[in-house]
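J.: Could you put together the complete structure from these sequences and hints?
Residue numbers (the working numbering): 1 to 403.
Don't read these hints as lab results, they were simulated from the structure. Mixed in with the good hints, there may be bad ones.
What the hints assert, rightly or not - For lysine-lysine, the following DSS-like pairs were computed, each having C-alpha atoms within a straight-line distance of at most 27 Å:
id: 1; residue 1: 194; residue 2: 183
id: 2; residue 1: 161; residue 2: 81
id: 3; residue 1: 194; residue 2: 161
id: 4; residue 1: 181; residue 2: 161
id: 5; residue 1: 216; residue 2: 186
id: 6; residue 1: 183; residue 2: 216
Said to hold, decoys possible - Pair ranges (Cβ atoms, derived):
id: 7; residue 1: 316; residue 2: 230; range: 43 to 49 Å
id: 8; residue 1: 96; residue 2: 147; range: 33 to 39 Å
id: 9; residue 1: 92; residue 2: 333; range: 16 to 22 Å
id: 10; residue 1: 143; residue 2: 83; range: 49 to 55 Å
id: 11; residue 1: 44; residue 2: 114; range: 21 to 27 Å
id: 12; residue 1: 228; residue 2: 130; range: 42 to 48 Å
id: 13; residue 1: 169; residue 2: 127; range: 39 to 45 Å
id: 14; residue 1: 277; residue 2: 63; range: 32 to 38 Å
These numbers were taken from a predicted model, which means no experiment stands behind them. Backbone N, C-alpha and C fix where the C-beta goes; we use that ideal spot for every residue, glycine too.
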Amino acid sequence: MTQISSDIGESLFAGDGEMCTLMRSHDWSQTPLGAVEQWPQSLRTTVSILLNSRYPMFTFWGSQLVKLYNDAYRPVLGSTKHPQALGMPANEVWPEIWDAIGPLVEQVVTKGESTWFDNFQLFMHRSGYLEETYFTFSYSPIRDETGGIGGLFCACTETTKQVLSDRRLRTLRDLAAQTGKAKTVKTACEIAIKTLGNNAADIPFALLYLLDAEGKQAELVGATGLVANTPASPSLIDLMDLTTSPWPLAEVVNTADVQQVTDLTARFGELPVGVWQESPHTALVLPVASPGQEQPTALLVVGISSRRVLDDDYQGFLELVAGQVVSAIADARAYEAELKKAEALAEIDRAKTVFFSNVSHEFRTPLTLMLAPLEDALADTSPHCQQHNAIASKLSSATAYAC
Numbered sequence: 001m002t003q004i005s006s007d008i009g010e011s012l013f014a015g016d017g018e019m020c021t022l023m024r025s026h027d028w029s030q031t032p033l034g035a036v037e038q039w040p041q042s043l044r045t046t047v048s049i050l051l052n053s054r055y056p057m058f059t060f061w062g063s064q065l066v067k068l069y070n071d072a073y074r075p076v077l078g079s080t081k082h083p084q085a086l087g088m089p090a091n092e093v094w095p096e097i098w099d100a101i102g103p104l105v106e107q108v109v110t111k112g113e114s115t116w117f118d119n120f121q122l123f124m125h126r127s128g129y130l131e132e133t134y135f136t137f138s139y140s141p142i143r144d145e146t147g148g149i150g151g152l153f154c155a156c157t158e159t160t161k162q163v164l165s166d167r168r169l170r171t172l173r174d175l176a177a178q179t180g181k182a183k184t185v186k187t188a189c190e191i192a193i194k195t196l197g198n199n200a201a202d203i204p205f206a207l208l209y210l211l212d213a214e215g216k217q218a219e220l221v222g223a224t225g226l227v228a229n230t231p232a233s234p235s236l237i238d239l240m241d242l243t244t245s246p247w248p249l250a251e252v253v254n255t256a257d258v259q260q261v262t263d264l265t266a267r268f269g270e271l272p273v274g275v276w277q278e279s280p281h282t283a284l285v286l287p288v289a290s291p292g293q294e295q296p297t298a299l300l301v302v303g304i305s306s307r308r309v310l311d312d313d314y315q316g317f318l319e320l321v322a323g324q325v326v327s328a329i330a331d332a333r334a335y336e337a338e339l340k341k342a343e344a345l346a347e348i349d350r351a352k353t354v355f356f357s358n359v360s361h362e363f364r365t366p367l368t369l370m371l372a373p374l375e376d377a378l379a380d381t382s383p384h385c386q387q388h389n390a391i392a393s394k395l396s397s398a399t400a401y402a403c
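T.: Shown next, in the form of structure tokens:
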């Protein structure tokens, strides 16, 4: 590297920022742009705007679309592209996304047409893996001194966090709305897993295991992404035999802590699940339990997207999913208990009705037999029977009422 000593270079790259320092020390004569003294004023003005802005900005300049950018744009490049991206042709900086952005760049630099995109999906290789990202940006042509298009100017902002947050919030909202319709535990589990399957980008696969009353066995009651009875998704797991379980379910039951599994390929080979070409390499096993509950109600095994890192936001989302599932199961069990209680009360009412019907019948038969003699006694008008007639009249009325 040669230090730029000219007044133009010193003034153009003046500042304490990292990119100012890098540009001052960069040997521009070895790039397609040539020495700074040869740069057109339009390029110098553009670079000055970049370096003095705190908003992420960059420019592609010249026929080779040489990339220059500011401090705010550095996180977009990631650790694998910065600082070597400075002064490189754009298609060499971003080979993995050039099929997506190349035609847009061409439209700007050849036709002078500006473009604007909101939450544009790009798969960048900037952190050691192919990453799902989203950006809102605009491409604008930069006119040079000849009146032609000297380069492209871009102001951009990464919206990945916002897009992922909205997508995950939608899953949680749907989970709450759909499982609220469940009237049985089985139905609640089936609906929960089906809802999670609608977000295959964040949840390439999910397995829901329900524990028995003793906590010794885990039964698969729902699966998405994987079918039941594969090496990764056994239908029944004996928690007392750790050698037969493909997942650390027993550890989660005993500790109530989330367990991370990072060797899925070694355990199961390639898993053709999710929406991306790459197989998931990581999964979480989460306890499905209410706060303060001694033993989980169920266990949730969730695959992690191969194109996202498992950060705090991602894990927090999956923990909220587990919380929503346990709420759905608890509500379904409460409904089942109330239904059984109502059925038991109805059975008691039916038994009581039958009992009193039988009692009434047993009393009705002898009383009916007594009614005819009493009526005959009442018909006897002789004086010596008047006192008896009064008693018989009362008995006749009672007998008739009872019958």
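J.: For every hint, state whether the structure bears it out.
T.: For each hint, the structure was consulted:
For the given pair, residue 194 sits about 16 Å from residue 183 by alpha-carbon distance, which is consistent with the 27 Å threshold. Among the hinted pairs, residue 161 with residue 81 is consistent with the structure: their alpha-carbon atoms are about 21 Å apart, no more than 27 Å. About 25 Å separates the Cα atoms of residue 194 and residue 161, which keeps this hinted pair within 27 Å; it holds. For the proposed pair residue 181 and residue 161, the alpha carbon gap of about 31 Å is over 27 Å, so the pair is violated.
Between residue 216 and residue 186, the direct Cα distance comes to roughly 19 Å. Compliance with the 27 Å bound is thereby established for this hinted pair. Taking the CA atoms of residue 183 and residue 216, the gap is about 26 Å. The hint holds against a cut of 27 Å. Roughly 29 Å separates the CB atoms of residue 316 and residue 230, a value that falls outside the hinted 43 to 49 Å. Judged by the Cβ atoms, the range 33 to 39 Å given for residue 96 and residue 147 holds: they are separated by roughly 35 Å.
Range check, residue 92 to residue 333: Cβ separation about 59 Å, and the 16 to 22 Å hint is violated. A C-beta distance of roughly 29 Å is found between residue 143 and residue 83, which places it outside the suggested range of 49 to 55 Å. In this structure, residue 44 and residue 114 meet the distance hint of 21 to 27 Å, their C-beta atoms being roughly 22 Å apart. Checked against the hint of 42 to 48 Å, the C-beta distance between residue 228 and residue 130 comes to roughly 30 Å, which is inconsistent with it.
Judged by the Cβ atoms, the range 39 to 45 Å given for residue 169 and residue 127 is violated: they are separated by roughly 24 Å. At roughly 34 Å, the beta-carbon separation of residue 277 and residue 63 lies within the given 32 to 38 Å, and the hint holds.
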